[in-house]
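A.B. asks: Each chain, letter by letter, is given below.
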Amino acid sequence: MVRVLSFHLARIVGTSFESLLRPHLDFLHRLAWRFTGSVADAEDLVQDLLLKLYPRRGELATVQQLRPWLAKVLYRQFVDLVRLRARSPGAGLADGQEEELETLPAEEAGPEQHAERGEWRERILAALAQLNPEQRAVVVMHDIEGYVLEELEGILQAPLGTLKSRLHRARQKLRAHLGMEPFAAGERVKR
Amino acid sequence: MDCRSFALRVDDWIDGRLDKAEQEPLRMHLQGCAGCRRGHEDAEALRAQLRALPAPAMRPGFAEQALAKAGGPRIGYRAVPAMALAASLVLAVGVAAILFAVRPEPAPTVTLSVQQPESVHLVFNSAKALQGATLSLSLPQNVQIVGYGDQRELTWRTDLREGANLLQLPLVLHARTSGEFVAVLSHGESSKTFRLKIEARPQG
Numbered sequence: 001m002v003r004v005l006s007f008h009l010a011r012i013v014g015t016s017f018e019s020l021l022r023p024h025l026d027f028l029h030r031l032a033w034r035f036t037g038s039v040a041d042a043e044d045l046v047q048d049l050l051l052k053l054y055p056r057r058g059e060l061a062t063v064q065q066l067r068p069w070l071a072k073v074l075y076r077q078f079v080d081l082v083r084l085r086a087r088s089p090g091a092g093l094a095d096g097q098e099e100e101l102e103t104l105p106a107e108e109a110g111p112e113q114h115a116e117r118g119e120w121r122e123r124i125l126a127a128l129a130q131l132n133p134e135q136r137a138v139v140v141m142h143d144i145e146g147y148v149l150e151e152l153e154g155i156l157q158a159p160l161g162t163l164k165s166r167l168h169r170a171r172q173k174l175r176a177h178l179g180m181e182p183f184a185a186g187e188r189v190k191r
Numbered sequence: 001m002d003c004r005s006f007a008l009r010v011d012d013w014i015d016g017r018l019d020k021a022e023q024e025p026l027r028m029h030l031q032g033c034a035g036c037r038r039g040h041e042d043a044e045a046l047r048a049q050l051r052a053l054p055a056p057a058m059r060p061g062f063a064e065q066a067l068a069k070a071g072g073p074r075i076g077y078r079a080v081p082a083m084a085l086a087a088s089l090v091l092a093v094g095v096a097a098i099l100f101a102v103r104p105e106p107a108p109t110v111t112l113s114v115q116q117p118e119s120v121h122l123v124f125n126s127a128k129a130l131q132g133a134t135l136s137l138s139l140p141q142n143v144q145i146v147g148y149g150d151q152r153e154l155t156w157r158t159d160l161r162e163g164a165n166l167l168q169l170p171l172v173l174h175a176r177t178s179g180e181f182v183a184v185l186s187h188g189e190s191s192k193t194f195r196l197k198i199e200a201r202p203q204g
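Taken in sequence, the protein lines are chains A and B.
Residue 1 is where the first sequence starts when you use the numbering used here, and the numbers rise one by one after that.
Residue 1 is where the second sequence starts when you use the numbering used here, and the numbers rise one by one after that.
Certain hints may be false.
Example chain A residues on the side facing chain B (calculated, C-beta under 7 angstroms, incomplete) [stated by the list, open to error]:
id: 1; residue: 16
id: 2; residue: 20
id: 3; residue: 24
id: 4; residue: 27
id: 5; residue: 37
id: 6; residue: 47
id: 7; residue: 62
id: 8; residue: 66
id: 9; residue: 124
id: 10; residue: 143
id: 11; residue: 168
id: 12; residue: 181
Read the hints as simulated data drawn from the structure, not as lab findings.
By construction, the Cβ of each residue, glycine as well, lies at the ideal position given by its N, Cα and C atoms.
All chains, please: the whole structure from these sequences, using the hints.
C.D. replies: Written out as structure tokens, the structure reads:
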């Protein structure tokens with residue numbers, strides 16, 4: 001009867017998927033939270049991503065730049081989730097941002113500074129929630145995470161010109177929502 | 001430059017996409033336009049606020065839970081056949097009584113498809129149970145164990161049972177090259193080296 005070298009086998013099979021994905025989970029969770037504005041939605045998004053990728057773990061090992069590849073798949077999942085929920089009456093993303101603020105990392109600040117920071121965070125999060133998923137993703141990836149537009153062409157699957165215009169409109173909407181000074185007389189916010 | 005032209009270029013400026021000469025007309029415009037100056041200050045402030053926006057840390061235990069749920073009951077040796085591995089071959093490597101007095105043999109050859117994970121099975125036949133044997137693997141260039149990236153040397157301790165001991169290795173060949181895979185099995189003062197030639201499967 002054939003015996004399996006179970007220790008090694010368990011290690012190979014059980015950890016190969018984990019060893020590939022584990023180093024990226026903090027990043028994916030952060031990105032998912034920035035996309036959705038909610039810890040519950042972020043966890044759902046990451047969980048769905050892992051479920052989707054597990055059967056493809058052989059393919060994962062051959063991906064040269066795994067992090068941007070994962071970001072691209074997560075972004076597609078996010079857009080699909082928003083579209084799906086838009087078709088479901090009564091469902092929406094980015095609820096519960098007040099609750100999320102309580103889980104943010106503590107900072108060295110006095111009560112007044114903390115309150116001010118909490119207030120602007122809330123305002124920024126509320127403004128981000130006004131963006132459509134494509135606009136939100138480009139703001140998250142470019143303005144928050146610091147990717148350059150050329151990198152985002154691959155991740156967000158859109159040409160440079162489209163990304164620039166998407167970013168421009170997203171910023172207009174954010175500034176308008178935050179009561180900031182618009183550029184040029186008559187600058188209009190487009191959806 | 002008028003306000004509308006300024007508005008069209010200001011994002012490129014803020015994002016550092018303009019060289020000094022291209023920035024000059026925008027700077028000039030700001031000197032004479034209080035509205036655009038305020039807008040520019042607000043845009044810079046927004047950019048700084050976005051960049052500083054913190055995200056909550058991942059809930060403790062979430063990563064392990066999510067990975068386990070993704071693998072679910074499929075994790076374990078029975079998962080190997082379900083990995084959509086394109087091919088599987090069995091290679092019997094005899095381990096003689098008290099291991100290792102096996103006559104020299106030419107290295108057997110395994111063919112793999114390029115960029116296609118395949119399962120290679122090694123069977124170690126042992127005449128008796130061996131506790132605490134050490135198994136070391138050395139991979140040739142362009143061959144990876146799925147999930148281990150560029151790691152070419154792997155060593156671990158394991159117990160061999162009497163009879164056949166199966167080691168399933170999900171390998172992927174990244175280029176049309178050949179090389180030698182080496183497995184060294186050691187126990188106490190004895191050791192045995194197994195060699196396996198890995199070649200790319202002919203196309204077509």
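A.B. asks: Hint by hint, which ones does this structure get wrong, listed from lowest number up?
C.D. replies: 3, 4, 5 and 8
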